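So you can see what is in the structure, the chains are spelled out below.
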Amino acid sequence: MRDKIYKNVTIFFFLLPALLLFVGVLIYPIFMSAYYSFFDLRSVSTTNMPFYGIKNYIELFTSGSISFWKALGNSLLLAILSVFLQLPLSLGLALMLGKGIKGERAFLSIYFMPVLISTVVIGQLWRKIYNPDYGILNAVLSLMGIEGAMPLGGWLGNVKSALWCVFIPTLWQYVGYHMLLMYAGVRSVSPELREAAKLDGATDAQVDWYVVIPCIKNILRVSVIFAVTGSLKSFDLIYVLTEGGPLHATEVPSTLMINMLFLRNRYGMGSTIAVLMILLCFAFALLISAAFKEREYYGRKKHT
Amino acid sequence: MKLKKVAATLLASAMILSLAACGKDTNSGSGSGSNNTDLKSEKITLNMWCIATESDSNRHSYEEAIKEMKAEYPDITLNWEAFENQSYKTKIKAAVAADELPDIFFTWSCAFLGDFVNAGKVYCLDDTYQAYKSELPEVMMGNSTYNGKHYGVPLTMNIVGLFANMDLLKEAGYTEIPGTYDEFIACCDALKAKGIIPFGCAGSETWCVTEYLESVIEKSVGADALNDIFLGRATWNNAEVGKAVDTFQKMVNDGYFDPNGISLKNDEVKNNFMAGKYAFYMNGTWNCADFANDPNFFPKVKVAEFPVINSGAAKLGQLIGGPSDTLAVAASSKNAAAAAKYTFELGKKICHYGYLDGCGLPAWTPYGDTSSVNGLTQAVSEICAKADSYVLFGDTAMNADEANTYLDYVAQVYGCQIDGAGFIKGLSKDIR
Amino acid sequence: MAEKNTLNAYSLDQYQVGKTNKVVKTLIYIGLVIWAMIDLFPIYWMFTFSLKSNEEVYGMNVMGLPRDWLWSNYQRAMTTGNMPRYFLNSIIVTVAAILISLIAALMATYAITRIIWKGSQLTYSFFMLGITIPIHASIVPIFITLSKAHMLNSYWSLIVPYSAFSLSMAILICTGFMNDIPKDLDEAAKIDGCGLWQTFGMIIVPLMKPALATISIYTFLQCWNELMFANVFISKNALKTLPVGIQALSGQHTTDWGPIGAALVIATFPTLLTYIFMSKNIQESFIAGAVKG
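Residue numbers (this note's numbering), protein chains in the order written: chain A, 1 to 304; chain B, 1 to 432; chain C, 1 to 293.
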């Protein structure tokens, strides 16, 4: 009995630091956010805030100057772009590198480099790259003989192009990240398996498609989860590049939230956005897990 | 000599205007301490935040004023930091919420400061002000007065000026800035025909768009109507305002504005204007300082008032602007009384040097030799001397939430996502 | 990951697969080189404009190496830009966050994976919630709490949130590594009379050394870049971290490219140099995280 109590106390102490941090800084604040979202909180003084019901939620979805729908759509679009452009590109690079090419290490190191650069630096750098008057992008394009490719208003100023222009630096930074994860997977596929497939007459592409990719499905799933939740959480780069503009063309929930908090003093409304962001992230994480599970299930069925 | 007279008339004319009664209902305020502080005997450290960054026109006047203060009060250490305009708005609000204000902080007057006063975070300057009454006219304190109490030390006052690059105008066959709206539009068309972009405007900082839009609205519906709307005495549901917005939007659609401006910051646009990329640049008259400092550019630039669009409701002499740049003292300051006194002294000097540099017109009665003030600023004081009403910048006149709603709709107008009807409909729905 | 491959899974040692068609190989090379150029060119360009005057940036020499090497840009970034201070602050905050999350994660993981008790799996899942939760979601309550406690503008106001946000990933990685340590060791220690604490301190922690590097890298990536919290919680110049400092600096010199470029280079090159010298270790540790997780 005393042993058991001792064990439980020990477990508790082992868990204590992590629990304190996790609950104190993450779980408890999230519940407070949910609570605040029902109040018209306009300063940090929480003693006297008027109860607002779901008015914040209603205003969020109906106001003509907040455009939450737009922000939601943008972050979904960013997630889709990451999954269907960034990840295939990473996978392609990983597969190519996985062939055992000369200079493999150098390529690997170069590709991973942008991951280590601070997002703010990348944002500032790309602001300069996109500069409509003196930016390098225009210079490079005109060097290649492409004149007048810049959309009206500048790369970051055109409502139609801005989101793409914000996505490209993200891609630039994170391709290396996913590439390295996938590369590790590609490398872990046993050489014998590949050899066997080759002996059976499979081309390189076929080996990649039928042997390598199925083997690294777990890593792909991790990458998809990271890419999607990463897009839903994205803030730094957008904040530095456009602050959500022009005209909310690059607005995402997190930039909107900061705008609510510190430009409009609407803490209640900011909390409302936070709550919706959490729900969104969870919904997507579940969705992705479900999607991969489904496939796994059918895949197994087919083979047996 | 002439200048002094102009400044005097300016002050006199300001008297009649009762400069926008900003203080709505303020229930809180911090008591002011005793005034018997002798700054010379204090050994304290004060912190100050402002927006006089190195690329800001006011930088030099701050540096000079602070240098002089240091010499006069060697025992007071002032640590000051400057932040970029747009990000400062976030920063200062976060600091107010956190009760982390520095002792002295730069603020815009009226509703911007009013939000902080309402929250009880600003030190009341009534007692300290008594000693400066003769140098700082009461009327100039109007925009930072709430419930009859003074909370801010005004520095300079500025209006929106229509700056023109006369070299470019000459190319289009104009030697003067056109005085009527029809001529003005004809001039823009002539410029466009020559391949010159008429206007530069920083779309990524919406306040720059309002410098244009507010002038257009004021010259269409008149100063009183606009003032009533800004101060909440009338609703946005005003068809005339909608029409004025359409007038502005027509200028955008007619290609008068640099399309690349939408992604630029104001500093970049100003640079472009000085580099001869635009014929006109509508912005605050604090820019006179930067223009005067560029010997290549200065001879080319002239300033004028935006022409009247609808003479039935508006007339010349109705301007956008007023004393907005203000220093305030945090209620949480440990040395609030000393900081208050220091702020008045500092404000007087910043105003002095700012005026000499051409950063704006003085809110304080000018002292010393002011004959070196540049010609552009002199032209501005002449415009102001003839003025009979001022409407304060909209985003300063409204509280934070409303101001940002307003700015958002202004951006939508500039981006041609809504027209005038959509503008007034949206604003009257979202504000109040 | 397939169990039998865990050993070579995160080793980057060369091995050759099959013979690949020459044409395909050339195409692959071209593709790889193009992407490498895309990665390197902006970094090269950043370096060049950091040494140029505005005249050169705005003028004809947009892409080439600077004609006059303007080191004074760096001087301005260092002195008026205050970059060394920001760098130091970032290091302090990041290192502290890494240490705290490391210790907390090691302890928690030990309790979850090495001690048998009923709620261990549930506790693990609970911590894993943190992987998907966007950290921004907690900013309002934390801000309100910190401001009421007058705790804003301190290193702790960043260190504590950062360690909390890194915790889930750290536990995830720790679990992977700790599961690889044979359970027999615990048994042996128990027979030798070690309590749980001794087993943890004397046996498990020393064996977790490879995990430390991996966790540190992931935590570093998260904390070093963080902008939102740092931007909101820190307003004192002396406490700003690199991201906030650079943001402030670029706001002050929108049209002055040189000093901004210099600040960007100063913020980037120490990390990149460290990386170049340790790239293999860093990559292997990074990959280990993915494989173990």
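Hints were generated in silico from the structure; no laboratory data involved. A hint or two may mislead.
[Unchecked claim] 27 Å max Cα-Cα, derived DSS-like pairs, lysine-lysine:
no., chain 1, residue 1, chain 2, residue 2
1, B, Lys-334, A, Lys-160
2, C, Lys-236, A, Lys-7
3, B, Lys-67, B, Lys-43
4, B, Lys-43, B, Lys-277
5, A, Lys-4, C, Lys-190
6, C, Lys-190, B, Lys-334
7, A, Lys-55, A, Lys-70
It should be emphasised that the depicted structure is a prediction, and the values quoted were computed from it without experimental measurement.
* Asked: Of the hints given before, which are not true for this structure?
  -> Those not satisfied are hints 1, 2, 4 and 6.
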